[in-house]
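The listed protein sequences correspond, in order, to chains P and E.
Converting from the first sequence to this note's numbering requires adding 1 to each position, the first position being numbered 1.
Converting from the second sequence to this note's numbering requires adding 31 to each position, the first position being numbered 1.
Read the hints as simulated data drawn from the structure, not as lab findings.
Any given hint could turn out to be false.
Partial list, derived from the structure: chain E residues whose beta carbon lies under 7 Å from chain P [to be verified]:
(1) LYS91
(2) ALA97
(3) ASP98
(4) ARG116
(5) ARG119
(6) ARG146
Built from N, CA and C at the ideal position, the CB exists for glycine as well.
If you want the building blocks of each chain, they are given just below.
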Amino acid sequence: MSRSIWALPHFRWAAIAVLERNFLVWRKLMGPAIVLNFGEPLIYLLGLGLGLGHWVGTVAGLPYLVFLASGVVASSAMTTVSFEGMYSVFTRMVPQKTYDAMMATPMDIDDIVLGEIIWAALKGLFSAVAILVVAAVLGAVPGGWMALWALPVVFLMGLAFAGPAIIMSAVAGSYDFFNYYFVLIVTPMFMLSGVFFPTDSFPAALQAVVQFLPLTHAVEVIRPVIVGQPVTQIGAHLAVLSGFAVLSFYLAVAMVRRRLWV
Amino acid sequence: MTGLAKQSTPLLKSPVVQASGLVKSFGTLRAVDGIDFSIKPGQCFGFLGPNGAGKTTTLKMLMGLADFDAGSLSILGQALPQAARAIRARVGLVPQSDNLDPDFTVRENLFMYARFFGLKRATVAARVEALLEFSELTHKAQAKVDTLSGGMKRRLTIARALINDPEIVVLDEPTTGLDPQVRHVIWARLAELQARGVTLILTTHYMEEAERLCDELVVMDQGRILDQGSPTDLIHRHVESDVIELRGEVSEALFMTLRSMSAHAERQGTAVYIYTHAPMPILEFLADAPELTIIHRRAGMEDVFLRLTGRGLRE
Ligand SMILES: Nc1ncnc2c1ncn2[C@@H]1O[C@H](COP(=O)(O)OP(=O)(O)OP(=O)(O)O)[C@@H](O)[C@H]1O
Ligand SMILES: [Mg+2]
Chain P
2 MSRSIWALPH FRWAAIAVLE RNFLVWRKLM GPAIVLNFGE PLIYLLGLGL GLGHWVGTVA
62 GLPYLVFLAS GVVASSAMTT VSFEGMYSVF TRMVPQKTYD AMMATPMDID DIVLGEIIWA
122 ALKGLFSAVA ILVVAAVLGA VPGGWMALWA LPVVFLMGLA FAGPAIIMSA VAGSYDFFNY
182 YFVLIVTPMF MLSGVFFPTD SFPAALQAVV QFLPLTHAVE VIRPVIVGQP VTQIGAHLAV
242 LSGFAVLSFY LAVAMVRRRL WV
Chain E
32 MTGLAKQSTP LLKSPVVQAS GLVKSFGTLR AVDGIDFSIK PGQCFGFLGP NGAGKTTTLK
92 MLMGLADFDA GSLSILGQAL PQAARAIRAR VGLVPQSDNL DPDFTVRENL FMYARFFGLK
152 RATVAARVEA LLEFSELTHK AQAKVDTLSG GMKRRLTIAR ALINDPEIVV LDEPTTGLDP
212 QVRHVIWARL AELQARGVTL ILTTHYMEEA ERLCDELVVM DQGRILDQGS PTDLIHRHVE
272 SDVIELRGEV SEALFMTLRS MSAHAERQGT AVYIYTHAPM PILEFLADAP ELTIIHRRAG
332 MEDVFLRLTG RGLRE
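Bound conformation, chain E alone:
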């Protein structure tokens, strides 16, 4: 329904989220340090960044849950923080860590959450059942939350975020810590939402997730946006088309040679990464080094991410 409205009203073509010069400090730490972005309706917009980059803080500002020290932020045409309550009525949030109500069953969690939106039980009864179906939890409807697996809890949290039929769903690391099966189910569901015209805003540490789901990505580090674009744009802009990964003893002489043959090469522990647009000559050259494990693949977001944010640990 939201999708149809989007097509017929040109007004809604304007961004659903518009942020400029956003700053948020905790004491002397500038957790978010002057960021600008805008999100179009129906987009899946992703925030990537190492731990502590400021992703969660940014999402909290979008929800009107965190104050900001400078800048401006408007969601669905309404300015924060003034319109926070009105905005939250139209947005769903999947927080980084689940905060389901342990005193209730799965179904009761959905009904109760609807009440916090001021929705009547009768109004949402059909939606609750549809959401149980959507999140494949119908068989667990009567189960207490503590008896659910991590994947089920996450699916319930996502279902709960949809109880108000939101135009925007904000997901903070929706699939962290989940097995591949659950992750694929969640991806499919998020794609379904997007097909219905819902705008998705998410953070993730999984590059595959970002590449698959997101139309537009920003890479953040230390509170700043390093770059922004579609996954393909970012890959073209920051890394060469191919990566050759070597595992094993690579002598300094060999490394220097490989570096001269490629656009970019780096060592990381016992592995060497060679970035190039022309992999064939390098692969032929390496045919003489059978003791090395050679992996040839196309460059992806992970390479962009590491190129932009470096390989050092963040703690």
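Chain P extracted, bound-state conformation:
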């Protein structure tokens, strides 16, 4: 009779209604969102890429602006997805009771979480597109049109980061709780996954640790695609990202059930 939070989730089209809801709300605030998504990377790339790049010269055989832009595409998607999966999802789950309202319809938590994960990944994708456009304008996309192949990978990494963020939302008592995740997970990845500098300068132990970070694997695929170099071990990288996506989706559904089921 009693339900188990660990039951396997279903994949249903009902999840699209969540995307639709979030998109309609996003559309209302599209102006500021676009300013943020295009303005921030522009400043970043100009400041760091050209400013710092002038002193750094080339990194791993690439002009620093090119190296940086291809990394920031991935890190920005990570940050965007994490914010969406934490602050926004928590708002809808707890104070706003949006999910309670949805659960009185034929929608299940499976559908809600699936919809939120896809939505967060799409937002990450949008931020990546914005950076790619800015980088292209600055002439920092040597891969040309082939760089667009980075986008499906960005979407996949979005899925991989959305699940963990939603798990945090499901267990959080308040917004302050997310500080732990940002300080312990997001910021270290931001700094250590090869976004700003190559990881081969790290001591061997740290290099081994870095291999467990999903952002490292995302960067390892996205950067060569954008700069027009061959990707090595693409299967392994995509498998890591897919593994994170699948496992964290399952855990996110379980944790949200644990929180919302009566």
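Chain E with the ligands: place on chain P using the hints.
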């Protein structure tokens, strides 16, 4: 339409809700402690009970939103929890506290809710306008939810619960905290729904609401059903026809006398309540006590409620 279907198909005469031996525990607390009830199509069925009686928990079980630990529950001929999604497609819920979407306007809230039922915008466009009309919110259609008054929010929540053209509408304290004008509008709307053949299941703390709207009531306390019946049945069964309420100093001697003259008398603070089938002799006797304020009225559900659940606070 549902009404017509109900008349022509004898099958639907069978209960729309059938609950037996329902139990729901939170840790060691048995919030719902073995209750049985059945609800006929087209009925307005009410749950009364003090705070914490288990009313909301019962409604959540009906919606498939809360699990139950024992017993069985079937809605519209389908068993819970297996058929929860199918059942929710045919039921509307007005939760105890509003959870409208603050990011949308009034009209958008209705359209969006339809999407959660998998209904297409074009399919519900006419219904959305009809529901705005029904809930007297047409003039507020473009307003953001945060700008609405409590009464408007409640009406919108009720309209939202009707977006899927439900056969059953479940309302958890539909009028709590609203002014008398709004309350009367909501009562009229609920009566309209019932006239269309929709089954209503509600909880309330307002005895007037229960008496006016409900065909059948259960009185719950501490997770159990104390009694069940129509408002008139319950009144006949549990209290005398008349109540005389006294306010002012009532001496112990006078109280004893009144008690001997009536079927039941009780003190509550500075008031005394006397229950009787024969009020005249008592009223004549009390004519000698002009310092007391005397209120004579017919007994109602409030008296039944207090008799069954006692006058003590629940916290
Ligand atoms: N999620 C929960 N976890 C733990 N206890 C709960 C939970 N929900 C309800 N309870 C407890 O179960 C009991 C019944 O609660 P319920 O909300 O069903 O009462 P109610 O009759 O609706 O009361 P009210 O009139 O105040 O709305 C209460 O003691 C309440 O504290
Ligand atoms: Mg309640």
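- Task: Could you tell me which of the numbered hints above are not met by this structure, giving the numbers in increasing order?
- Result: none
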